[in-house]
Amino acid sequence: MSESKFYQLSVKDTKGESIDMSQFKGKPVLVVNTATKCGLAPQFNGLEELHQKYKDQGLVVLGFPCNQFLGQEPESNESMVEACSLNFGVSFQLTEKVKVNGSDTHPIFEYLKSELPGTLSSAIKWNFTKFLIDSEGKPLKRYSPQTEPEKIEADIKSVLS
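The sequence shown lines up with residues 14 to 174 when you count with the working numbering.
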């Protein structure tokens, strides 16, 4: 079996350092496009709870900040990390700001949208769209922005076991 395309991708963190997805081989990954000023921002709390509860079993939560929806991520990379930490206690990995739609879509979101197209179109409809990737790099499930993090806990448990 060939290696998942997911493991060939990378993104920069908020300090400009590369994060290779290959470092997450053997671990399930939850990819979320985030925004600190979004009405759904309280989901940061639930995402952090999942991170704390399952990180020792291998779960990786990756937040991809995005400013494409009504400018709800106006912060710089540095102030965004601070806002997430202070307001929501976020300790999971955040990346640099990315685009999830359009011609400049980040390759990770290009790949995830091609593997798990949404309802009606593959476009990301809003902040806090979530993608669960299994421990072999296979995108398993896409969740709507309204899906609370605790509602996907059963799916996370199933990929951990």
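It should be emphasised that the hints constitute simulated quantities derived from the structure, not laboratory data.
Even for Gly, the Cβ is constructed at its ideal location relative to N, Cα and C.
Check each hint, because a few of them may be wrong.
Unchecked claim - Derived DEER-like restraints, expressed as beta-carbon distance ranges:
#1 Leu-173 x Ser-116: 35 to 43 Å
#2 Leu-83 x Lys-170: 30 to 38 Å
#3 Pro-87 x Pro-55: 25 to 33 Å
#4 Ser-89 x Asp-168: 19 to 27 Å
#5 Leu-83 x Ser-15: 33 to 41 Å
#6 Gly-71 x Asp-117: 17 to 25 Å
Cross-check of the supplied hints:
1. Leu-173 x Ser-116: 35 to 43 Å: The hinted range 35 to 43 Å holds for Leu-173 and Ser-116, with Cβ atoms some 36 Å apart.
2. Leu-83 x Lys-170: 30 to 38 Å: Holds, since Leu-83 and Lys-170 (Cβ atoms, about 34 Å apart) stay within the stated range.
3. Pro-87 x Pro-55: 25 to 33 Å: About 18 Å separates the Cβ atoms of Pro-87 and Pro-55, which means 25 to 33 Å is violated.
4. Ser-89 x Asp-168: 19 to 27 Å: 33 Å, violated
5. Leu-83 x Ser-15: 33 to 41 Å: 40 Å, holds
6. Gly-71 x Asp-117: 17 to 25 Å: Distance hint for Gly-71, Asp-117 is violated at roughly 32 Å.
Checked against the numbered hints given earlier, the structure breaks hints 3, 4, 6 and satisfies all the rest.
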